[in-house]
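Can you make the complete structure from the sequences, with help from the hints?
There are 2 protein chains.
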Amino acid sequence: MDGRRLSALGETSLLAALVGLAAADGRLAVGPGDDAAVWELGGRALAITTDSLVERVDFLRSFQTPWEVGLKAWGAAASDLAAMGFRADFGVVCLICSPDTFEGTVLDIQEGMLDAASRDGALLAGGDVSSTDGPLTIAVTVLGSGPPGGAVRLGGAQPGDLVAVTGRLGGAAAALHLLEGGRVPPEPWRRRLVAPVPRLAEGQRLRTAGAHAMTDLSDGLLVDAARVARASSCGLELWADHLPLESEMEHFFPGESVQLAAAGGEDYELLACLPGPVALALASSSGGTGISVVGRVSEEEGVRLLERPEGPEVALPSQGFRHF
Amino acid sequence: MDGRRLSALGETSLLAALVGLAAADGRLAVGPGDDAAVWELGGRALAITTDSLVERVDFLRSFQTPWEVGLKAWGAAASDLAAMGFRADFGVVCLICSPDTFEGTVLDIQEGMLDAASRDGALLAGGDVSSTDGPLTIAVTVLGSGPPGGAVRLGGAQPGDLVAVTGRLGGAAAALHLLEGGRVPPEPWRRRLVAPVPRLAEGQRLRTAGAHAMTDLSDGLLVDAARVARASSCGLELWADHLPLESEMEHFFPGESVQLAAAGGEDYELLACLPGPVALALASSSGGTGISVVGRVSEEEGVRLLERPEGPEVALPSQGFRHF
Numbered sequence: 001m002d003g004r005r006l007s008a009l010g011e012t013s014l015l016a017a018l019v020g021l022a023a024a025d026g027r028l029a030v031g032p033g034d035d036a037a038v039w040e041l042g043g044r045a046l047a048i049t050t051d052s053l054v055e056r057v058d059f060l061r062s063f064q065t066p067w068e069v070g071l072k073a074w075g076a077a078a079s080d081l082a083a084m085g086f087r088a089d090f091g092v093v094c095l096i097c098s099p100d101t102f103e104g105t106v107l108d109i110q111e112g113m114l115d116a117a118s119r120d121g122a123l124l125a126g127g128d129v130s131s132t133d134g135p136l137t138i139a140v141t142v143l144g145s146g147p148p149g150g151a152v153r154l155g156g157a158q159p160g161d162l163v164a165v166t167g168r169l170g171g172a173a174a175a176l177h178l179l180e181g182g183r184v185p186p187e188p189w190r191r192r193l194v195a196p197v198p199r200l201a202e203g204q205r206l207r208t209a210g211a212h213a214m215t216d217l218s219d220g221l222l223v224d225a226a227r228v229a230r231a232s233s234c235g236l237e238l239w240a241d242h243l244p245l246e247s248e249m250e251h252f253f254p255g256e257s258v259q260l261a262a263a264g265g266e267d268y269e270l271l272a273c274l275p276g277p278v279a280l281a282l283a284s285s286s287g288g289t290g291i292s293v294v295g296r297v298s299e300e301e302g303v304r305l306l307e308r309p310e311g312p313e314v315a316l317p318s319q320g321f322r323h324f
Numbered sequence: 001m002d003g004r005r006l007s008a009l010g011e012t013s014l015l016a017a018l019v020g021l022a023a024a025d026g027r028l029a030v031g032p033g034d035d036a037a038v039w040e041l042g043g044r045a046l047a048i049t050t051d052s053l054v055e056r057v058d059f060l061r062s063f064q065t066p067w068e069v070g071l072k073a074w075g076a077a078a079s080d081l082a083a084m085g086f087r088a089d090f091g092v093v094c095l096i097c098s099p100d101t102f103e104g105t106v107l108d109i110q111e112g113m114l115d116a117a118s119r120d121g122a123l124l125a126g127g128d129v130s131s132t133d134g135p136l137t138i139a140v141t142v143l144g145s146g147p148p149g150g151a152v153r154l155g156g157a158q159p160g161d162l163v164a165v166t167g168r169l170g171g172a173a174a175a176l177h178l179l180e181g182g183r184v185p186p187e188p189w190r191r192r193l194v195a196p197v198p199r200l201a202e203g204q205r206l207r208t209a210g211a212h213a214m215t216d217l218s219d220g221l222l223v224d225a226a227r228v229a230r231a232s233s234c235g236l237e238l239w240a241d242h243l244p245l246e247s248e249m250e251h252f253f254p255g256e257s258v259q260l261a262a263a264g265g266e267d268y269e270l271l272a273c274l275p276g277p278v279a280l281a282l283a284s285s286s287g288g289t290g291i292s293v294v295g296r297v298s299e300e301e302g303v304r305l306l307e308r309p310e311g312p313e314v315a316l317p318s319q320g321f322r323h324f
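Residue numbers (the numbering used here), protein chains in the order written: chain A, 1 to 324; chain B, 1 to 324.
No wet-lab data here; the hints were simulated from the structure. Treat each hint with caution, since some may be false.
[What the hints assert, rightly or not] A few chain B residues that don't get close to chain A, going by computed Cβ distances all over 10 angstroms:
no.	residue
1	Gly3
2	Arg56
3	Phe90
4	Ala139
5	Glu187
6	Pro277
[What the hints assert, rightly or not] Label pairs and their calculated CB-CB ranges:
no.	chain 1	residue 1	chain 2	residue 2	range
7	A	Ser118	B	Pro159	36 to 46 angstroms
8	A	Arg4	B	Val184	55 to 65 angstroms
9	A	Pro99	B	Ser118	13 to 23 angstroms
10	A	Ala281	B	Ala23	17 to 27 angstroms
11	B	Gly20	A	Asp133	52 to 62 angstroms
[Unchecked claim] These stretches of chain A come out as covered by chain B in the derived footprint (C-beta under 8 angstroms, 3 or more residues):
no.	segment
12	42-48
13	217-231
14	253-259
Positions of the beta carbon are idealized from the N, C-alpha and C atoms, including for glycine.
Structure below.
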């Protein structure tokens, strides 16, 4: 009576079932199911989130150094706080590795996490080590903070909002395809894949500008947009001709760059839904990581990728990364 | 140039090296290296700790149900907050499992964690799932709270203090030995092994009574006492005849019960160092989980197990559980 295996169930259904068991509780300002949980205490809102990196699933040691594995472990976890519009304060880490791991490997991973935390104005407050007969696994939990009532949730998008993203899309997926094919990716794309930088400053900027909903792009634009649409009970219409592609993407992947930007995961940029005038003002301002308007929020539920505003729908072979 | 493998290095040295990299920082009231890190904010002290359970290392599905795996995952993590004298408020969980895991298994683990959190007056605030080609792995982070300046640290033991422990020792190790030998352990011992209850109320009682130092007994009395001794720059002298053995231990393991109680891990009781009169008063009071005086703090560094106060030293073949 154990029912289906996870491979048949799918990640979205599993997460929904797990969140369904954890009933909402008045003690939390934001409960299970969002990018991070939020607890308000003493005039501050605290956000907590956890994320894991598993060797062979989330990283390959042949593609990145242990120091870069540490950078990615921190960055992927802290990105969930960026998606709330919060800062990162402290992290704790579970390092789970086999007894034949080299000491230097573990210390380099720790250095990477410390360097990434320091770059983000945060610190590693502690952790635990454990042994395994399986792959190297790193679980990072980050505690962050922001103003009470200020967390930007998944479920606040409103029809009429514009959809904006930070930075450029597709670089991480492009780097992975090139590495898997034995080719050398442009270094900026490789760095995106192996050492993503959480958009903490941009998240706070989008929060203070009045974002209604926000998430980070970890599983791919279409998958993550679908989470916002579902939580907001509305639809997201995205425009392929507006997607901020990494430059030279068409050179490496002729005709496939929209696929990489829309379905490729691990860019760790932010997607936000904002009132139209605010989104347009942010997109036209210069400096820092750019912000691009890439679509609009509609009443029709689900996510649709159009060639351009009012244009025909784009059919894509793949929808993004899923664990199960 | 990666140097030694972890199996040659040992867990204590690895943890010391990892903690050494994470420099102390004034933002934390208690930094890396203690049972939990503590951050003071808005008139409260927040403690955060993380712990992982790995299949075949920390649990076997043949010895316990998935629901019990969930109970243990929560209990082992929350026990670190008990060791600070704090309460548990919220947890987040990384569930890492292979795609051929049954949905029912994962949901039962989640139910176990929810039931354990609820029992402890806390709740699960969120989490993440990830896939692996290795063993089922659960990383739990628990956030707790207590009075500012109140956290009981590892390093506060003072020569002249008495050493006290909560509850009874050796049951978890005895259950494991019996199960590994194909025998059925008494159910209370099996429950200790598969579903330890963190001593949160006892930890707060020991804190308010004025404990100078405290830790939880996860790796075994001698190993955990050595951590307190090292952090406190003093010694712990333990008395074998004072150890609160599980009843009937001698019946199942004639002549070996002191070994099980002193070197067996996973009892998840608390060890505290307190002023003598306070320890004796707590030990003589009745009700709840009992508290026993089991030794004293000395100036001579290290841990010594004596047959009885002023008696000869006991030689033990094993010192407790280590991951590497």
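A quick look at each hint next to the structure:
no.: 1; hint: Gly3; result: violated, 5 angstroms
no.: 2; hint: Arg56; result: violated, 6 angstroms
no.: 3; hint: Phe90; result: violated, 6 angstroms
no.: 4; hint: Ala139; result: violated, 3 angstroms
no.: 5; hint: Glu187; result: holds, 24 angstroms
no.: 6; hint: Pro277; result: holds, 33 angstroms
no.: 7; hint: A:Ser118 with B:Pro159: 36 to 46 angstroms; result: holds, 38 angstroms
no.: 8; hint: A:Arg4 with B:Val184: 55 to 65 angstroms; result: violated, 32 angstroms
no.: 9; hint: A:Pro99 with B:Ser118: 13 to 23 angstroms; result: violated, 36 angstroms
no.: 10; hint: A:Ala281 with B:Ala23: 17 to 27 angstroms; result: violated, 42 angstroms
no.: 11; hint: B:Gly20 with A:Asp133: 52 to 62 angstroms; result: violated, 28 angstroms
no.: 12; hint: 42-48; result: holds (count 5)
no.: 13; hint: 217-231; result: violated (count 0)
no.: 14; hint: 253-259; result: violated (count 0)
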